[in-house]
Amino acid sequence: MIGNPKKLIGMVGAITVLAGQFIISPMASAAEGTSATEKGKALAFDRMKGNCLACHNIPGGAAPGNIAPALIAMQTRFPNKADLRRQIWDATIKNPESAMPPFGKHGALSEDEIDAVVEFIWTL
Amino acid sequence: MKKVFQTLALIALACGIGVTAQASTPEQDLQAFQNFFKKRFPSVEMDDYANGAYAIDPAGRENWEAIEEFPPYEPFIDDGKTMWDKPFTNGKTYSDCFPDGPAIAGKYPYWDKEKGMVMTLPLALNQCLEANGEKPLKYKKGPINNILSYIAFESRGQTTNVVIPKDDPRALQAYEDGKKFYYARRGQLNFSCASCHIQNAGMILRTEILSPALGHTTHFPVYRSKWGTVGTLHRRFSGCNQQVRAKAFKAQGEEYRNLEYFLTYMSNGLPLNGPGARK
Numbered sequence: 420m421i422g423n424p425k426k427l428i429g430m431v432g433a434i435t436v437l438a439g440q441f442i443i444s445p446m447a448s449a450a451e452g453t454s455a456t457e458k459g460k461a462l463a464f465d466r467m468k469g470n471c472l473a474c475h476n477i478p479g480g481a482a483p484g485n486i487a488p489a490l491i492a493m494q495t496r497f498p499n500k501a502d503l504r505r506q507i508w509d510a511t512i513k514n515p516e517s518a519m520p521p522f523g524k525h526g527a528l529s530e531d532e533i534d535a536v537v538e539f540i541w542t543l
Numbered sequence: 030m031k032k033v034f035q036t037l038a039l040i041a042l043a044c045g046i047g048v049t050a051q052a053s054t055p056e057q058d059l060q061a062f063q064n065f066f067k068k069r070f071p072s073v074e075m076d077d078y079a080n081g082a083y084a085i086d087p088a089g090r091e092n093w094e095a096i097e098e099f100p101p102y103e104p105f106i107d108d109g110k111t112m113w114d115k116p117f118t119n120g121k122t123y124s125d126c127f128p129d130g131p132a133i134a135g136k137y138p139y140w141d142k143e144k145g146m147v148m149t150l151p152l153a154l155n156q157c158l159e160a161n162g163e164k165p166l167k168y169k170k171g172p173i174n175n176i177l178s179y180i181a182f183e184s185r186g187q188t189t190n191v192v193i194p195k196d197d198p199r200a201l202q203a204y205e206d207g208k209k210f211y212y213a214r215r216g217q218l219n220f221s222c223a224s225c226h227i228q229n230a231g232m233i234l235r236t237e238i239l240s241p242a243l244g245h246t247t248h249f250p251v252y253r254s255k256w257g258t259v260g261t262l263h264r265r266f267s268g269c270n271q272q273v274r275a276k277a278f279k280a281q282g283e284e285y286r287n288l289e290y291f292l293t294y295m296s297n298g299l300p301l302n303g304p305g306a307r308k
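Residue numbers (this note's numbering), protein chains in the order written: chain A, 420 to 543; chain B, 30 to 308.
The following block holds chain A by itself, in its conformation from the complex (with noise of 0.2 Å):
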């Protein structure tokens, strides 16, 4: 019962993130040349937001951080997308000790945002 939200969620998220790639990039490459994974940089290089490189070297990133581990090899490390997006939503589910802050679980990023993140954070 617990997983099944979970992943309702996680299909969710992908629909929207499938569905943000068809409709805003095309718009946005025209235009402002905003992809939902530019967006999920941006996010994730936001103090205010993800601020991943406050721990995690990212190529790109200026001043990261040394306390997790470098966001390479992405698709190798999560072949699951749903994997890497659980584990931005809440790193505690697979490692309770992990220090990573829980961005889903207590809505310090929104559902929409986590997507972006995601798109992101994959192209690694």
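These aren't lab readings, by the way, just hints derived from the structure by calculation.
Check the hints yourself; a few may be wrong.
The list that follows gives simulated cross-link-like pairs (lysine-lysine, BS3-like), each with its CA atoms no further than 27 Å apart [to be verified]:
| # | chain 1 | residue 1 | chain 2 | residue 2 |
| --- | --- | --- | --- | --- |
| 1 | B | K308 | B | K110 |
| 2 | B | K209 | A | K524 |
| 3 | A | K468 | B | K308 |
| 4 | B | K209 | B | K279 |
| 5 | B | K255 | A | K513 |
| 6 | B | K121 | B | K144 |
| 7 | B | K255 | B | K279 |
| 8 | A | K468 | A | K513 |
| 9 | B | K121 | B | K136 |
| 10 | A | K468 | B | K276 |
| 11 | B | K209 | B | K121 |
| 12 | B | K308 | B | K279 |
| 13 | B | K255 | B | K195 |
| 14 | B | K136 | B | K115 |
| 15 | B | K255 | A | K468 |
| 16 | A | K524 | B | K67 |
| 17 | B | K142 | B | K209 |
| 18 | B | K67 | B | K308 |
Far from chain A, some chain B residues (derived; all Cβ distances over 10 Å) [claimed, not checked]:
| # | residue |
| --- | --- |
| 19 | Q63 |
| 20 | D76 |
| 21 | D125 |
| 22 | A280 |
Here a beta-carbon is modelled for each residue, glycine too, at the ideal position from N, C-alpha and C.
Start from chain A and add chain B according to the hints.
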């Protein structure tokens, strides 16, 4: 088969209860706490933990030592001495409340059996003021930092030596509450004090090296460049709580007093070197 599982479950349960009943003593906690840092930073001398992140950050240390040549907290010490010497309206002074003089930081915090609470230095200072018909000072910012800077400076070289008296179970409870506070995750970011200053001590958070928990209490009040002034330990506590997006507790309220009791006890044996200067 089912019975075997039931028996195993019962044994597991019994063991679990056994473990809870044998909670560690403050002495055991202290040893485990200090040993953890000795193992993590084997080249750091014990006394150097009183210097916070600079004990483990050579580049930052150079910068800090340059700052210490013209200490930014010096004017606060001078203003504090003036406060100490200046008579209250009734003609008495702080010396009437503290006959041992200003070098008293090493006595705090302590368990006040009569009041049944942890007594801190800022609290004792305000009690003195109120007993003499004076207005109490605010606990985070402002003039309390002057008098605290003076007392800390006069107390330099004393040794942290917090006692958890064994004849009052409420003292142990206050210690345990402080310990629980330290290890409890809180705020939207879900960090405990220990997440950063034990688990990840020495790691880099953005551009900052996370300072070890050991030694955190030795140098207060502290001049923080970020603040542009001297602030109290409880101001720092509340800042930390806000950084993890938690609601801060009241300065000198029970939560922070008990936290101070636990955290200072963990630095037992370290020299007092306040007021300090930090980024």
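These are the hints, each one checked on the structure:
1. K308(B) to K110(B): With a Cα-Cα distance of about 25 Å, the restraint between K308(B) and K110(B) holds, given a limit of 27 Å.
2. K209(B) to K524(A): 23 Å, holds
3. K468(A) to K308(B): 24 Å, holds
4. K209(B) to K279(B): 17 Å, holds
5. K255(B) to K513(A): Between K255(B) and K513(A) the Cα gap is close to 37 Å, so the pair fails against 27 Å, i.e. violated.
6. K121(B) to K144(B): Satisfied, since the Cα-Cα distance of roughly 24 Å is no more than 27 Å.
7. K255(B) to K279(B): Status holds; Cα separation ~21 Å.
8. K468(A) to K513(A): 22 Å, holds
9. K121(B) to K136(B): 22 Å, holds
10. K468(A) to K276(B): Within the cut-off at roughly 19 Å; holds.
11. K209(B) to K121(B): 41 Å, violated
12. K308(B) to K279(B): 24 Å, holds
13. K255(B) to K195(B): 41 Å, violated
14. K136(B) to K115(B): With a Cα-Cα distance of about 23 Å, the restraint between K136(B) and K115(B) holds, given a limit of 27 Å.
15. K255(B) to K468(A): The given pair, whose Cα atoms are some 22 Å apart, holds under the 27 Å limit.
16. K524(A) to K67(B): Violated, at about 36 Å.
17. K142(B) to K209(B): 22 Å, holds
18. K67(B) to K308(B): 25 Å, holds
19. Q63: 22 Å, holds
20. D76: The claim stands: D76(B) keeps its Cβ more than 10 Å from every Cβ of chain A (closest is about 27 Å).
21. D125: It holds; D125(B) is separated from chain A by about 49 Å at its closest Cβ, greater than 10 Å.
22. A280: Holds: least Cβ distance 26 Å, greater than 10 Å.
Taken one by one, the earlier hints fail for this structure at numbers 5, 11, 13 and 16, listed in ascending order.
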